[in-house]
Amino acid sequence: MKYAYYPGCSLHASAREYDISWRAVCERLGIELAEMEDWSCCGTVHATSVDRLLALALAARNLAIAEAAGLEIAAPCSGCYKNLRTTDEALKGNAELRAKVNASLPRQFKGSTVVRHPLYIILQDIGLDALADVPRPLHGLKVAPYYGCVLTRPAALHPVDDAEDPQGLDRLLQTLGAEVVPYPAKTKCCGGAVLVSHTDVALDLTGKLLKQAKDAGAQCLAVACPMCQMVLDAYQSQIERRLGERLDLPVLYFTQLMGLALGIDERQLGLGQLIVSPARVLARV
Amino acid sequence: MAAKDTATNLEYSELDPQFKSEIAALIGGLDLTHCFQCGVCSGSCPTVAWMEYGPRRIMHMVRLGMADEVLRSHDIWFCVSCYSCTARCPQGIEIADVMASLRSLAIAKGLAKDREATFSRVFVEVLERYGRMYEPELLLRYYTAEAGLTGLIKQAGLGLKMLRKGKIALRPERIENTGELGEISVQISGGPRPEPIVREER
Chain A
1 MKYAYYPGCS LHASAREYDI SWRAVCERLG IELAEMEDWS CCGTVHATSV DRLLALALAA
61 RNLAIAEAAG LEIAAPCSGC YKNLRTTDEA LKGNAELRAK VNASLPRQFK GSTVVRHPLY
121 IILQDIGLDA LADVPRPLHG LKVAPYYGCV LTRPAALHPV DDAEDPQGLD RLLQTLGAEV
181 VPYPAKTKCC GGAVLVSHTD VALDLTGKLL KQAKDAGAQC LAVACPMCQM VLDAYQSQIE
241 RRLGERLDLP VLYFTQLMGL ALGIDERQLG LGQLIVSPAR VLARV
Chain B
286 MAAKDTATNL EYSELDPQFK SEIAALIGGL DLTHCFQCGV CSGSCPTVAW MEYGPRRIMH
346 MVRLGMADEV LRSHDIWFCV SCYSCTARCP QGIEIADVMA SLRSLAIAKG LAKDREATFS
406 RVFVEVLERY GRMYEPELLL RYYTAEAGLT GLIKQAGLGL KMLRKGKIAL RPERIENTGE
466 LGEISVQISG GPRPEPIVRE ER
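Listed in order, the protein sequences are those of chains A and B. Numbering-wise (our numbering), the first sequence opens with residue 1 and increments by one. Numbering-wise (our numbering), the second sequence opens with residue 286 and increments by one.
Calculated from the structure, these hints are not laboratory results. Every residue, glycine too, gets a C-beta built ideally from N, C-alpha and C. A portion of the hints provided could be inaccurate.
[Said to hold, decoys possible] Distance condition first, Cα-Cα at most 35 Å in a straight line; then the derived DSBU-like pairs of lysine-lysine:
#1 Lys439(B) - Lys214(A)
#2 Lys394(B) - Lys110(A)
#3 Lys110(A) - Lys100(A)
#4 Lys208(A) - Lys450(B)
#5 Lys211(A) - Lys450(B)
#6 Lys394(B) - Lys92(A)
[Stated by the list, open to error] Going by beta-carbon spacing under 10 Å, a handful of chain B positions derived as facing chain A:
#7 Ile361
#8 Tyr368
#9 Ala397
#10 Val411
#11 Leu424
#12 Ile453
#13 Glu458
#14 Glu465
#15 Gln472
#16 Ile473
All chains, please: the whole structure from these sequences, using the hints.
Listed below in structure tokens is the structure:
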């Protein structure tokens, strides 16, 4: 089982713990990752706002690198995943657009790869049966799964989960022994797209969802996107000031929780890099 | 400010009947006239409270040809691209992509006037410079362009915290040929982009 690994800019900077823990989990499960050579930024929502064709070309440049390696892509950032996936679908379905984009690229997009998110690689290619008997089940841990927006939207040509009420992360966490806390905001947006330009918007949106999760009894959140994680974790003290109440909700990557359940050494999971410390919560597991 | 009466408040000469086709062409010829104004998009939009019109009215304004009002609107920059509207539109209209097309057209025509327009523009500048994102430079350029380093100073505590956690790279990562993305950009879109107009604070 081998994938072309597209870490994206965040996993090389603000989300190093996601990179570290995802690699550790892969090693334990026998998944081989070949980091794509000379990958470039996917452009995220901002390039699309400036110039849609450029955004398509930026994503296609990366798709072509994976195609040359003959591998499917593993993209852990939901933003990258969405950009690469929707570009792949758009160019596969539109010969005229593909020709236009290819005319700008040194290496041609052929349409021979598939873009996958690690969560669904685990669910589909490893399967929950293989995780049914983990060495350190997360018993007693109440987790609110947070999907955010573009992990499941816009709906893929071949959807891997439901856009309104996805279950993948819920099922994974349950299999690992955690208690999944239901709350309405699990697919609501964190506002990460406007975090810097309209910070109050992002803090309002995340404030609502963190409070919902807290009120539902969650001890921590599990996420699958570095942008969501940053708003929920690094900005949590600012959110608390706005709400006028203490939240103290650690926001862990699902790969960190998986790593713990699989018995991987905590130092290999980057837990110390989280801003809101998960130590108190994890001590109970 | 109360929203304008979309159908009557403008002279015919102020409307652009080609506007809807122009937008449709940008996202692959989608037929925007399928919209029957049910409002599920605005009802699903997480940021509609910050908007003047909301996505439902924006869709109708596009149909009516209110190009200037739409492209100068802050609403299109408050769209967080969460695709809730797209997922729920009973007519299958890709509303979030329409919003993105409106943003790019607003920048192309020099009508964009929102902090997020500035942010998007400097994001692409940094991206084209290194091939990968480099947050410290992105933030510095953004706050400089917005003539407000106070915003940056306000987040200094957070920056320090992230630096200590190893979450901020001290040096930019680059792709092998740093000119490559700039060349792709010129190939696919031609010349330089107009500066966004940044005036109002919201």
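Hints versus structure:
Between Lys439(B) and Lys214(A) the alpha-carbon distance is near 27 Å, which keeps this suggested pair within the 35 Å criterion. Taken as a hint, the Lys394(B) and Lys110(A) pair is honoured in the structure, with Cα atoms around 33 Å apart against an allowance of 35 Å. Between Lys110(A) and Lys100(A) the alpha-carbon distance is near 13 Å, which keeps this suggested pair within the 35 Å criterion. Only pairs whose Cα atoms come within 35 Å are accepted, and Lys208(A) paired with Lys450(B) is accepted, the gap being roughly 26 Å.
For the proposed pair Lys211(A) and Lys450(B), the alpha carbon gap of about 25 Å is at most 35 Å, so the pair holds. This hinted pair checks out: Lys394(B) and Lys92(A) have alpha carbons roughly 30 Å apart, not beyond 35 Å. This hint holds: Ile361(B) has a C-beta 9 Å from the nearest C-beta of chain A, less than the 10 Å allowed. The interface hint given for Tyr368(B) holds, since its Cβ lies 4 Å from the closest Cβ of chain A, which is under the 10 Å cut-off.
Nearest Cβ of chain A to the Cβ of Ala397(B): about 9 Å, under the 10 Å cut. The hint holds. The closest approach between the C-beta of Val411(B) and any C-beta of chain A is roughly 9 Å, which is under the 10 Å cut-off, so the hint is satisfied. The criterion of a C-beta within 10 Å of any C-beta in chain A is met by Leu424(B), whose closest approach is roughly 7 Å, and the hint holds. The interface hint given for Ile453(B) holds, since its Cβ lies 6 Å from the closest Cβ of chain A, which is under the 10 Å cut-off.
The closest approach between the C-beta of Glu458(B) and any C-beta of chain A is roughly 6 Å, which is under the 10 Å cut-off, so the hint is satisfied. Checking Glu465(B) against chain A: minimum C-beta separation of about 7 Å stays under 10 Å; hint holds. Interface hint status for Gln472(B): upheld, as the beta-carbon distance to the closest one in chain A is roughly 4 Å, under 10 Å. With a least beta-carbon distance of about 4 Å to chain A, the hint placing Ile473(B) at the interface is held under the 10 Å criterion.
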